[in-house]
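Trainee: One letter stands for each residue in the lines below.
2 protein chains.
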Amino acid sequence: MLLETKGDVLREAITRTQSEIDSLFDALLPVPGDTSARLVEAMRYAAIGGGKRVRPLLVCSTAALFGVSRDAALRAGAAIEAIHVYSLIHDDLPCMDNDDLRHGKPTLHKAYDEATAVLAGDALHALAFEILADDATSEDPFTRSELILTLGQASGMSGMAGGQMMDMVADAEGVVYDLHAVTRLQQLKTGALLAAAVEMGAILGKVAPQGRAHLRAYARDIGLAFQIVDDLLDVEGDIEKAGKALRKDDAQGKQTFVTLLGVERAREQARALVDQAELRLASYGPEADVLRALARYIVERDR
Amino acid sequence: MLLETKGDVLREAITRTQSEIDSLFDALLPVPGDTSARLVEAMRYAAIGGGKRVRPLLVCSTAALFGVSRDAALRAGAAIEAIHVYSLIHDDLPCMDNDDLRHGKPTLHKAYDEATAVLAGDALHALAFEILADDATSEDPFTRSELILTLGQASGMSGMAGGQMMDMVADAEGVVYDLHAVTRLQQLKTGALLAAAVEMGAILGKVAPQGRAHLRAYARDIGLAFQIVDDLLDVEGDIEKAGKALRKDDAQGKQTFVTLLGVERAREQARALVDQAELRLASYGPEADVLRALARYIVERDR
Numbered sequence: 001m002l003l004e005t006k007g008d009v010l011r012e013a014i015t016r017t018q019s020e021i022d023s024l025f026d027a028l029l030p031v032p033g034d035t036s037a038r039l040v041e042a043m044r045y046a047a048i049g050g051g052k053r054v055r056p057l058l059v060c061s062t063a064a065l066f067g068v069s070r071d072a073a074l075r076a077g078a079a080i081e082a083i084h085v086y087s088l089i090h091d092d093l094p095c096m097d098n099d100d101l102r103h104g105k106p107t108l109h110k111a112y113d114e115a116t117a118v119l120a121g122d123a124l125h126a127l128a129f130e131i132l133a134d135d136a137t138s139e140d141p142f143t144r145s146e147l148i149l150t151l152g153q154a155s156g157m158s159g160m161a162g163g164q165m166m167d168m169v170a171d172a173e174g175v176v177y178d179l180h181a182v183t184r185l186q187q188l189k190t191g192a193l194l195a196a197a198v199e200m201g202a203i204l205g206k207v208a209p210q211g212r213a214h215l216r217a218y219a220r221d222i223g224l225a226f227q228i229v230d231d232l233l234d235v236e237g238d239i240e241k242a243g244k245a246l247r248k249d250d251a252q253g254k255q256t257f258v259t260l261l262g263v264e265r266a267r268e269q270a271r272a273l274v275d276q277a278e279l280r281l282a283s284y285g286p287e288a289d290v291l292r293a294l295a296r297y298i299v300e301r302d303r
Numbered sequence: 001m002l003l004e005t006k007g008d009v010l011r012e013a014i015t016r017t018q019s020e021i022d023s024l025f026d027a028l029l030p031v032p033g034d035t036s037a038r039l040v041e042a043m044r045y046a047a048i049g050g051g052k053r054v055r056p057l058l059v060c061s062t063a064a065l066f067g068v069s070r071d072a073a074l075r076a077g078a079a080i081e082a083i084h085v086y087s088l089i090h091d092d093l094p095c096m097d098n099d100d101l102r103h104g105k106p107t108l109h110k111a112y113d114e115a116t117a118v119l120a121g122d123a124l125h126a127l128a129f130e131i132l133a134d135d136a137t138s139e140d141p142f143t144r145s146e147l148i149l150t151l152g153q154a155s156g157m158s159g160m161a162g163g164q165m166m167d168m169v170a171d172a173e174g175v176v177y178d179l180h181a182v183t184r185l186q187q188l189k190t191g192a193l194l195a196a197a198v199e200m201g202a203i204l205g206k207v208a209p210q211g212r213a214h215l216r217a218y219a220r221d222i223g224l225a226f227q228i229v230d231d232l233l234d235v236e237g238d239i240e241k242a243g244k245a246l247r248k249d250d251a252q253g254k255q256t257f258v259t260l261l262g263v264e265r266a267r268e269q270a271r272a273l274v275d276q277a278e279l280r281l282a283s284y285g286p287e288a289d290v291l292r293a294l295a296r297y298i299v300e301r302d303r
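Protein sequence lines correspond, in order, to chains A and B.
Every letter in the first sequence is one number past the one before it in our numbering, and letter 215, counting from 1, is 215.
Every letter in the second sequence is one number past the one before it in our numbering, and letter 123, counting from 1, is 123.
Among these hints, one or two may not hold up.
Because identical chains share one entry, a pair is satisfied inside a single copy or across any pair of copies.
Claimed, not checked - List of simulated lysine to aspartate or glutamate pairs, EDC-like, C-alpha gap at most 20 Å:
| # | residue 1 | residue 2 |
| --- | --- | --- |
| 1 | K206 | D134 |
| 2 | K206 | D140 |
| 3 | K105 | E173 |
| 4 | K110 | D22 |
Derived from the structure by calculation, the hints contain no laboratory data.
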């Protein structure tokens, strides 16, 4: 019963955030009257109407702990989602993962073309920083700078892009990583941006860096659990539900949490991480229920 | 004699800026100890030791009008150069312009591979904003935000990326632009970033937006002159000196300032723009000599 209620809390929060982020991207991406319209249309195709919006949800739910206005949290959420969407567009390119399907529809380079996909990714990347730097927001400049630095570091060479390169080197050169290296790779590739989402919520809440330690630990735990479950779903998931290609790790002979730990131990590890993530939130009351439900959802999801 | 002296002023300023920007990138791009090293090596390959560094020179020379510290100007210069370098990497990709040569050496996707080129471009893009947002700089947060917004807008969908898309649509769909459309395309594609360089120098100098009008006009004039001369060099230039492929516009049957105006009128137009650009600087004394020489150099260069 309690679980069901928590599930409802989460479902509601996800649906609300999805709709708000869609509206915000719609407003941020007006189609111009010249031939650059094609660029903005491609950006809209990729950015609007897809995905669970986990990162904006993390920003908003963390920010809500500290009474941050919904508008401010959503803008930061849209910025980090723009980074996430750009990274998916570029990852899907033929020279990268060469994927045809994303969120149940053709990937951007399939629906448009490769050059448009490169460019739309780049423009969404710039948009993220435009959103955060815009002085029309209510945020003070110091907060804006801190948000931008956090997002830049999480997405750049010491974050997502660095992790992506570790992954590519393994694929291309057949480097076999051990558990330690796979953990580090995933912490960079997907963990850094999830952690940035939580961090940005706390920055908006004016929490001093030393006061963010337990939230950072929560984010680290769910980030790792998220990736372990992704690896499990790649082996056991339903392609219809996933809306993207599966069984790719195995086909590539790649080391993942599942190949390194086995299905059972991987699942146990994900559960343990989520239990631990919930403990990190012990100092909060019901106001952290969405964050708790989100952690739980990560291991229970089937796509 | 006067021209020679101005030439020396410029040569000195270019050489100094090249060496300082190289040192700064060297410090900003330490090679990590893990397999993401390949990413940083690729970023260094593209970012260090190439190019005239026109954009950093514009930032530094404009900032110098207002007594801005050289360090602060160079950091902003490195940020805008990181954007310029990332855009060249992505433009050179096989799905875009498919170029093999840049600054006289193999393009990044030739020296490494396409996936690495996409990713290194992305990481340099993020680096630009990391540099500007870093609170280790002496800039106040308000100035940092303003620099970031200026750079984000100049490089994103309403700037460089938008212009690039206009260009691609012309190539792909055979849309024939008139002079007005080509002018707008170029103002977005190359003009926006050159204008941002001057604007960033003025922002660092705490010049209020209304006080930047003449500098913006200077930047607009030299930006357009720069592109007209680029089109002229594509027709008349020496490939050895250029260090990149030429005669591409003609091969593609593309409308340029040269096809629209003819060689002679295009050259006259470039000269008139540079004269006008110099007039924009009439309120400054010798402290603006580098900006004047740079405008002059733009029409006189042979590569």
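Trainee: Hint by hint, say whether it matches the structure.
Mentor: Results of checking the hints against the structure:
1. K206 to D134: Cα proximity of K206 and D134: in one copy and across copies (19 Å, 18 Å).
2. K206 to D140: Cα proximity of K206 and D140: in one copy and across copies (11 Å, 18 Å).
3. K105 to E173: neither (31 Å within a copy, 25 Å between copies)
4. K110 to D22: Neither, since 22 Å and 39 Å both go past 20 Å.
Comparing the model with each earlier hint shows violations of hints 3, 4; every other hint is respected.
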